[in-house]
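Trainee: Sequence:
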Amino acid sequence: QELLQGLIQQTEDHSEVVEEIRKSLTDIDLLDCSADRCLNLVHCLAELKDSTLYDTVRQFVNSNQAPETQLSPVQCSALADLILMSKTPLEEFN
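Here my numbering is used: the sequence shown runs in plain steps of one and ends on residue 101.
Hints listed in this document are in silico derivations from the structure and should not be mistaken for laboratory results. Mixed in with the good hints, there may be bad ones.
[Said to hold, decoys possible] The following label-pair restraints were derived from C-beta to C-beta distances:
1) H21 <-> N71: 39 to 47 Å
2) S22 <-> S70: 19 to 27 Å
3) V24 <-> R44: 32 to 40 Å
4) R44 <-> V68: 20 to 28 Å
5) V68 <-> E23: 27 to 35 Å
6) N69 <-> E23: 17 to 25 Å
7) S41 <-> L89: 28 to 36 Å
8) I90 <-> E23: 29 to 37 Å
9) R65 <-> A42: 35 to 43 Å
10) V24 <-> N71: 12 to 20 Å
11) E23 <-> N71: 38 to 46 Å
12) E26 <-> N71: 29 to 37 Å
13) H21 <-> L91: 27 to 35 Å
14) N47 <-> F67: 17 to 25 Å
[What the hints assert, rightly or not] Okay, derived cross-link-like pairs now, EDC-like style, lysine to aspartate or glutamate, Cα gap no bigger than 20 Å in a straight line:
15) K56 <-> E23
16) K56 <-> D34
17) K56 <-> D88
18) K30 <-> D62
19) K56 <-> D39
20) K56 <-> E27
21) K56 <-> E26
22) K30 <-> D57
All of these numbers come straight from a predicted model, not from anything done at the bench. Using N, Cα and C, we set each Cβ at its ideal position, and we do this for glycine too.
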């Protein structure tokens with residue numbers, strides 16, 4: 008919520024505003040996003056404690072999808088973020 012603090016008016020209960028921002032972020036056209044914007048989106052969603060994107064990427068990685076299956080740019084950003092935050096070293100990534 009640090010990155011979004013300026014967008015939220017100081018109120019006691021801002022959960023509705025946070026939910027509205029989260030929904031707006033998840034509605035962004037991800038096919039038309041630059042890499043920087045995708046990474047910012049990943050970080051904003053993480054700060055809002057929205058794990059939907061991370062869960063989707065984890066599910067994709069664990070499903071052993073065929074190599075021709077492609078991730079969207081924002082999913083690639085989330086995957087890179089997950090790898091960087093991982094406490095387990097990555098031996099090989101195909």
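Trainee: So, for every hint listed, does it hold in this structure?
Mentor: For each hint, the structure was consulted:
Distance hint check for H21 and N71: the Cβ-Cβ separation is about 41 Å, which falls inside the suggested range of 39 to 47 Å. A hinted range of 19 to 27 Å for the beta carbons of S22 and S70 is inconsistent with their spacing of about 33 Å. Between V24 and R44 the beta carbons are some 22 Å apart, a value that contradicts the proposed interval 32 to 40 Å. At about 23 Å, the beta-carbon gap between R44 and V68 stays in the expected band of 20 to 28 Å.
Look at V68 against E23: about 33 Å separates their beta carbons, and that is inside 27 to 35 Å. A beta carbon spacing of about 34 Å between N69 and E23 contradicts the range 17 to 25 Å that was offered as a hint. Between S41 and L89 the CB atoms are about 20 Å apart, so this pair departs from the stated range of 28 to 36 Å. For I90 and E23, the hinted distance range of 29 to 37 Å is satisfied, since their beta carbons lie about 34 Å from each other.
Range check, R65 to A42: Cβ separation about 21 Å, and the 35 to 43 Å hint is violated. Restraint check, V24 to N71: a C-beta distance of roughly 40 Å breaks the suggested window 12 to 20 Å. Take E23 and N71: their Cβ atoms lie about 40 Å apart, and the range 38 to 46 Å holds. For the hinted restraint 29 to 37 Å between E26 and N71, the CB-CB distance of approximately 34 Å keeps it satisfied.
One distance hint, 27 to 35 Å for the beta-carbon pair H21 and L91, holds here, with the actual separation near 29 Å. Take N47 and F67: their Cβ atoms lie about 21 Å apart, and the range 17 to 25 Å holds. Distance restraint check for K56 and E23: the Cα-Cα separation of roughly 14 Å lies within the 20 Å cut-off, and the hinted pair is therefore satisfied. For the given pair, K56 sits about 16 Å from D34 by alpha-carbon distance, which is consistent with the 20 Å threshold.
Restraint check for K56 and D88: satisfied, since their Cα atoms lie roughly 15 Å apart, inside the 20 Å limit. Distance hint between K30 and D62 is fulfilled; the C-alpha atoms sit about 16 Å from each other, no more than 20 Å. For the proposed pair K56 and D39, the alpha carbon gap of about 24 Å is over 20 Å, so the pair is violated. For the proposed pair K56 and E27, the alpha carbon gap of about 13 Å is at most 20 Å, so the pair holds.
Note on K56 and E26: the hinted pairing holds, with a Cα-Cα distance of about 10 Å set against a maximum of 20 Å. Taking the CA atoms of K30 and D57, the gap is near 10 Å; set against the 20 Å cutoff, the hint holds.
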